[in-house]
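**Q** Could you slot chain H onto chain F? The hints should help.
Protein chains: 2
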Amino acid sequence: TFVVEGEEEVGGEALVDFLKQKKRDLKCDGVVVSDTGIPDLKHPALTYALRGVAALEVRLDGPDRDLHSGIYGGSVENPAMALSKLLAQMIDKNGRIAVLGFYDDVAKLSAYERKQMARVPFSEAKYKKLLGVKALFGEKGFTSNEHRAARPTFEINGLTSGYQGEGSKTIVPSHASAKITMRLVPHQDAAKILRLVARHLKSLCPPTMRMTVELGHAADPYIVSPTGRLAKAALKSLKSAFGHEPVLLREGGSIPVVEHFARILKVDTYLLGLALPDDNLHSPNEKMDLEVFTRGIQMSANLWTDFAEAS
Amino acid sequence: TFVVEGEEEVGGEALVDFLKQKKRDLKCDGVVVSDTGIPDLKHPALTYALRGVAALEVRLDGPDRDLHSGIYGGSVENPAMALSKLLAQMIDKNGRIAVLGFYDDVAKLSAYERKQMARVPFSEAKYKKLLGVKALFGEKGFTSNEHRAARPTFEINGLTSGYQGEGSKTIVPSHASAKITMRLVPHQDAAKILRLVARHLKSLCPPTMRMTVELGHAADPYIVSPTGRLAKAALKSLKSAFGHEPVLLREGGSIPVVEHFARILKVDTYLLGLALPDDNLHSPNEKMDLEVFTRGIQMSANLWTDFAEAS
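Keeping their order, the protein sequence lines are chains F and H. Position 232 of the first sequence, counting from 1, maps to 232 under the numbering used here, and the rest follow consecutively. Remember, the numbering used here sits 311 above the position in the second sequence when you count from 1.
Pulled out of the complex, with its shape left as it was, chain F reads as follows:
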């Protein structure tokens, strides 16, 4: 069965209703979605895991208004400094998130997975240039490809406090806040992580401040066994279409529809996307490489037989 759907990328929910209504007609052994990428033509890829996400906002309130820093400065704690000290304690010197229980449910990368991940082409010099950073960074004991796809993160998405215009304003700001999102990995539970982090933040709140933690959206991570029957069949289809040994990828972002297939149809999804790194996804001048397109057609044809044999 083919399902052609044009709404998911803009957050549409129509597919969920459709899946629920047509659950019986859509009964299947697995789902194939082509919404991920490949490093290059020599590295066709099966993406077998996605990170989840959990959002929250933390705010510290000190004085009930901005204070004159000459008259009062020194006798009250500065909320922007209190927030900085709080956030600085959230990630330790090894790049690990310092929240009690945060890693408890993280599935360890198997030797097989790490070996496969090491096969994904990666040039540190090119990667730094691509992002415009002076140096890379990440949790100790993992490679950059592992950092961005297979390890959870604690990311400050925004910081706000006090005066932000030109020049200076000699105030002790009344409050400071940070927007935070975490990327989660199998088998972390987004709701549980939000609870743990909120509790941890509250335990670090200094006596001078009132803390507010507002929980935001959350999506669980996703994984399908890369050594299962259908995964192996997908790798076979890729190999014969591209003429190269495929790599196994984990994707750092989330694809919510995958979770819907798992929950409603009770099947795994095999992500066999065909985008090259320079395809400008969702951007001006989006393109698709003709050679990849041809190989992709071949792969799709192979899947009918390879999946059928495997299931």
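It is worth saying that the hints were derived from the structure and are not from the lab.
Below, in silico cross-link-like pairs of lysine to aspartate or glutamate (EDC-like), each with a Cα-Cα straight-line distance of 20 Å or less:
#, chain 1, residue 1, chain 2, residue 2
1, F, Lys128, H, Asp372
2, F, Lys128, H, Asp375
3, H, Lys440, F, Asp64
4, F, Lys134, H, Asp375
5, H, Lys437, F, Asp64
6, F, Lys126, H, Asp375
7, H, Lys437, H, Asp590
8, H, Lys445, F, Asp66
9, F, Lys169, F, Asp61
10, F, Lys169, H, Glu525
11, H, Lys550, H, Glu602
12, F, Lys169, H, Glu368
13, H, Lys440, F, Asp61
14, F, Lys266, F, Asp29
15, F, Lys93, H, Asp403
16, H, Lys503, H, Glu570
17, H, Lys439, F, Asp61
18, H, Lys334, H, Glu324
19, H, Lys503, H, Asp416
20, F, Lys169, H, Glu320
21, F, Lys134, H, Asp377
22, F, Lys128, H, Asp377
**A** Okay, now just chain H, sitting in the frame of chain F:
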């Protein structure tokens, strides 16, 4: 000689030219300015020291654009987190500024000054209520009145990074910045402090970030001996006008004109202001208490004889 001047409060510089031109006509033993306050009618006050100020802005640049936190998060350092960690290191757990050499030139408070400062009425409960804070804070080993008037500060006036609108945005922000002002005390040198702090910040910059430090305005602190001849004369005038033993104050803010008198006329300034804490200075419903006004007239009359006797 009376100089009546109506421009200094809006930053006017005309007085400086006037002082330079009329330097000879204005030759004197001391200057009296009435631009400070008293705690209440039972505590008339001589303000004998003012804090200075020094401003700077520090910015950390990481990636050359905001990055998708799903695709890249975990493999690059987050500038908002790097800034938080940097700022958290600027004040130690005893509330002291952790910049090498920062306190080198700070004049120690004499036993006499601390004793006089302890006479200034202060209620922690009322002060907390006035500012709306849960708890006070400050450098270990000093009182709240000392914190806000006689000790230097390192204050974050503004924090800016990433997304600040409603909801969340899953980015690694490209940069983060903090506006900082320091209040300085006798005999710190504002230009030297800016150099020391900029050097310290640069020494803490992580290898993942590019740091920019932009120096802002600076004004030196001011002090006149509270036990000099004219200071004693001023205290005598206050005592006979108010009928109470006056207190000695240090003011946390700056009054730039005082530095002009010292530099151009080569004389000290005695700050004998008459504002009550609830006079709403520069605010709507500004008032002056009639009793204070009357006592102030008496004090001014006394000064002519008391200063003449002392000089």
